[in-house]
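K.L.:
For reference, the chains in residue letters:
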Amino acid sequence: MDLSYSDEQTMLRDSAERFVEANCGAENLRKMRNTEEGFSRNYWKQMAELGWLALPFTEEQGGLGGTAVDTMVLMEAFGKGLVLEPYLTTVVMGGAALRAGGSDAQIEELVPALVEGELMFTVAYAEPQARFDLFDVATTARRDGTGWVIDGSKAVVLHGDSADKIIVSARTSGDRRDATGISLFIVDAGAPGLERRPYPTVDGSRAAEIMLGSVRVDADALLGREGEGLPVLERVADEAITALCAEAVGAMKVLLDTTVEYTKTREQFGQPIAKFQVLRHRMADMMMEYEQAKSMALVAALKLDSEDPVERRKAVSGAKVQIGKSGRFVGQQAVQLHGGMGMTDELSVGHYFKRLTMIDILFGNVDHHLKQFSAAA
Amino acid sequence: MDLSYSDEQTMLRDSAERFVEANCGAENLRKMRNTEEGFSRNYWKQMAELGWLALPFTEEQGGLGGTAVDTMVLMEAFGKGLVLEPYLTTVVMGGAALRAGGSDAQIEELVPALVEGELMFTVAYAEPQARFDLFDVATTARRDGTGWVIDGSKAVVLHGDSADKIIVSARTSGDRRDATGISLFIVDAGAPGLERRPYPTVDGSRAAEIMLGSVRVDADALLGREGEGLPVLERVADEAITALCAEAVGAMKVLLDTTVEYTKTREQFGQPIAKFQVLRHRMADMMMEYEQAKSMALVAALKLDSEDPVERRKAVSGAKVQIGKSGRFVGQQAVQLHGGMGMTDELSVGHYFKRLTMIDILFGNVDHHLKQFSAAA
Amino acid sequence: MDLSFSPEETAFRDEVRAWVADALPADIKAAMERGEKVKKDDLRRWHKILHEKGWIAPAWPKEYGGTGWTATQRYIFANEMALAGAPDLPAFGLKMVGPVIYTYGSEEQKREYLPGILNGDVWWCQGYSEPGSGSDLASLKTKAVSDGDEYVVNGSKIWTTGAHEADWIFCLVRTDDTGKKQEGISFLLIDMKTPGIEVSPIIIINGDHTVNQVFFNDVRVPKRNLIGKENEGWTYAKFLLVNERNGIAQIGAKKHTMARIRKLAASTQLNGHRLADDPGYQRRLAETEVALMALEYSELRFLSGQKTDHAPGTEANMMKVAATQLQQSMSELFIEIAGYYSYPFDGFRDTEGSNEPPVVPEDAGGAMHQFLYGRASTIYGGSNEIQRDVIAKVLLSL
Amino acid sequence: MDLSFSPEETAFRDEVRAWVADALPADIKAAMERGEKVKKDDLRRWHKILHEKGWIAPAWPKEYGGTGWTATQRYIFANEMALAGAPDLPAFGLKMVGPVIYTYGSEEQKREYLPGILNGDVWWCQGYSEPGSGSDLASLKTKAVSDGDEYVVNGSKIWTTGAHEADWIFCLVRTDDTGKKQEGISFLLIDMKTPGIEVSPIIIINGDHTVNQVFFNDVRVPKRNLIGKENEGWTYAKFLLVNERNGIAQIGAKKHTMARIRKLAASTQLNGHRLADDPGYQRRLAETEVALMALEYSELRFLSGQKTDHAPGTEANMMKVAATQLQQSMSELFIEIAGYYSYPFDGFRDTEGSNEPPVVPEDAGGAMHQFLYGRASTIYGGSNEIQRDVIAKVLLSL
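If you read the sequences in order, they're chains G, U, D and A.
In case it helps, my numbering puts the first sequence at residues 1 to 377.
In case it helps, my numbering puts the second sequence at residues 1001 to 1377.
In case it helps, my numbering puts the third sequence at residues 2001 to 2398.
In case it helps, my numbering puts the fourth sequence at residues 3001 to 3398.
These aren't lab readings, by the way, just hints derived from the structure by calculation.
Quantities reported herein were computed from a predicted structural model and do not represent experimental measurements.
Positions of the beta carbon are idealized from the N, C-alpha and C atoms, including for glycine.
Take the hints with a grain of salt, since some may be wrong.
[Unchecked claim] Which stretches of chain G does chain D cover? Using the computed rule of at least three CB atoms under 8 Å from a CB of chain D, they are:
| no. | stretch |
| --- | --- |
| 1 | 125-132 |
| 2 | 295-301 |
| 3 | 340-353 |
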């Protein structure tokens, strides 16, 4: 048993933190949110050059063979800087889908371009009626000659506006809420019949509603086996959750540090507000929440590849529960302790708070994952 | 709309508080708990003389025609003094059962003796398997000639050891968890076949397990109509809950006052601990919980006789929820702020804390009543 | 003790209910139902309808344009307005500076300012907080220096809601800095068109522009705009703060929102059943409703003069803490209805000028927007930490 | 980074597991399962079994009777003991005064006291708190005045767990009151049979006698019973407090209790279904299990030297707060299993000498008793308020 970082992990953390500190943060976010895509293609290129886009792929696939803990290290740094680039959707989610479901041919074709930063991915798993249920799929795909025709609509597709390849879940058999009969397809963003309605999100990122009207894809667009897409989707969700938990830990760290600093300089009633015992204890509680969140993010990363499905479920859902609660507490208290200033778009606090609030919602909130946890136990 | 006390209510409150202050409290409890019955027959006689046992009965019944608010006023004072006498079981519960279900003959026979302090009552509604469900009745009563024979066992019968008359719920038809088919019987404590196993309770009161082995009662023992006992039990429970909420409010008041006083005299680190902002805010929160509990106890009393069953249910269950939560917070924080001393049998704090903890459990805890509230809404 | 209304009170309730059902413009009601922000022009339209009816200022003394109603009638009126979905009118004129003027102002000031507040022609904003003084209001530094018949005002106010839409501002200014900080403060009325005033918007975390920073550079204000006596403004300020907190529970509006949440939860699907039937959600819904009942009856108890046992005068502080905590719980319940659709940036649902329907389903309209905005409720008007300080101070000095 | 055990560690775990399954007396195990209090004689019996095996003091250096295990092995051992339902042995000798003696004591003291601690013949108690000094430990007043080869001790200690069953007490006493309160404190070992010592029981709210007040009236203590140097006892006291807090998380015991709660909830009926399937209960059960996981991995992180980012040295304080809060949540879950049967006064289920089975079903045995007793966990060993003061002090001075 060994819970310390390897030298490589320490290096990765340091380089990611340097990058983030130099380039990212709330000011970058306020600038980028007014651009068309909401992130920087230039940064994306740099991330490719740094090898980060190759992290989770095996060496045979052209990657670095990184573990979930490596991704955690990177995402924690991204969380510290409100990184806007589509790492989660392309590398974590797209990567997970390809690794879990992709054929050799698909991997050979797509992973190198992904790793080079030339292809961006997203996974369109949610539907308007589905809330957080991955298996609730009304979109259909029917065979048409050797290919397929897809009809339906996908909700809140993260970076759905800028992705080149959209991995779409569609029902090839069964009823709307059946666990089987879901298939995944790699669809070109420019495919005829595919319409995107992009919009900004609360945390300054981007998403899109995607409407598929008789979108035709070839046979080789099928990712994984017909009707067996759900386990792949679940894998995508678990990897995404684990990454988001790490990101949240990074965001909480910044909020805690910022709040501590602010209370030491802000004066009220003739003294720094850090002198008030109630606020001191509040910050002690924030720190404890942060440490517990950090522990659970670690548990998720360490057990993501556990062979025991119960252990994996409890680790990942348990982490999402903890991050949801801790993130809410740390975020809300950071705003509260900053007073009116915490409410402004100008300060960074509000942006981290919003990101934490959104991370709680993505891939299922506290309530959803408490149920997942109970069902596994 | 008028939420102020009438002159009579103010007088009742003042006389009850005087009585309680002179006679009751934690010291009295520590003395009485070592006696056989756990309360004072002498006090009971005084309560009869003060007219308190007559409070909820109509004038025709030989009572004072008091309202639920009057009972609230009295119980709040009782809560301040940890009153041990069986007012809840005899007057509130027994009284409710007789008023809701009793025939003219039964009322004529029993109420005068009750009011005089000569007959003590209790209601044996709970069963070992039933938890908080009043309708879960496995005890049976079958016809035998003109009378009935009762078999079964009743759990945690409050003051079951000292009561002269035990109102027993028994199933005369239907299955164990049916809402209909429950009948109530007034059973003599000394009836052949009725066995009592008395024991002290956590809060220094008394209860008993009651085993009924072929207990024979006459036809006139039936209280209310055959098979229609549940609404009467529900009435008993609602009146008991309303009274307990008021009692809890009284107990919280004492804990709040005691804690405020203690923190002003207890010194640590060279100053009274009341100077520490964290403890100050804790006491502010205790006070807010107390005020909210007081408001909800009032709502229950004011709406106990509402004609709208939804309104009544929400008021009574809502009050029990609030009292459970507030009582827990106020009780636990009172112990916490008293430090080690709060843990001792010697100080009064622990006794009030225990009583509040038990009031949460009696007639269904917070969880149970949140469900009742939701079901009504 | 009696909860029921007298026949006269029932008749009054029916009258109010019937009137508002008829008088509230349908477009305003619909916007409220959709969770949209009601614009200034619409608010003014509704203001004028109430004014015409004579019901614009129920709490004011009858001589100044009030209604002469009893406390119960005022409670009924506020409740009915909220339940009907009528928007709250800005408090700055009607509930804040108006009462200060009729209580402490000169006859001339009453004649000059009250009519515009009542008829809705003049919009006010409040110059209290400053960049350096948050919860420690009395430490304010904006200076008013006497110069003949005028004061010359220099300094800055922050978090000024609606300054960009207001005609006048009432300000706390420092006219003497030699004594205790509470002394030396004066209460000044300033025309927003006066040269030297600059309004700079502050965008808050929901992307909205409601608050501002207001700068004063050698702003010349006639001395007849001073309320009461120079250096005694703190008295009037406290009077106004209590008034502000009294309204803060907003029981009627909360009941209205609660009903909306309940309705939406009943039409939202979760795991193949209604969100309203989900045990976890149901539980939190019930907890929130119980808290709302407790708040409502606490307010009624306090209104009926049944004072708190412990700390006379802290009712307003307790109501502020309880009400804002409840508001935040309600907003958490609300965003859960939206599920994934709390993620798109929605803003108040301004659909004007757009051909497309909004991304966020109508059900969840404005939920996240209000959740974010609502974080301010435990901060402004004296943070909840300050409220607890006050409660404890009174509680412990008994 | 790797969670898995090495083959050696796995073998070690299997060895411990097999041994405890065999060595733990069945009657003690059964008493633990029923939630009963394990009596002193039984604890001593178990103590001697562990001692004979050589596993009585894993954390001690090998030279003094420790095992020489790695941190991972010690973690495995503690975990296996708790999962097997082995009772905790009193900490006063093994975890508190023992380490103080081998760290700061003289060779003579080591020879005199360590064997009795290891073999279980000598039972210790702790004389720290005083009536006037709760969380403010350093303000203690019990005086030891030098008189030739002896100290004469006068004063009183309170909350002394097990003083009525102990052979020796280790005490903080004041030997100098001229300087700062932390200076002038000495660490003294006192034989409980010394004339002038009186033990007065304190009954706590669950009716139990576990703590006492100890009075010292002209108690003469040989100077060779002084640990280290006179007036430097505060150093040893702090060393011991940190040791005390390190063990406080008791992850293994919590896992064992959690498993018991889960099992009982599965066999308890509620509304015609299992309590374990009740959505509200299930939710709280899950929340508590997540908190336990977080606590466990926080401990592992801290043990593995991955320090907290913010406040080095506050790990023990954080663990104390989190662990005691968790313990209280667990005890709330536990009493709910009992339903109405948490109302009868149960005590630890001492059925000896009674012909009747206990009123409270075996399932819920001791639940309320432990709930009440557990209220002390956020008070003793430095209240959670003090812990937060410490955390904040370190956090904010960075």
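K.L.:
Where does the structure disagree with the numbered hints, that is, which hint numbers, in rising order?
P.N.:
2
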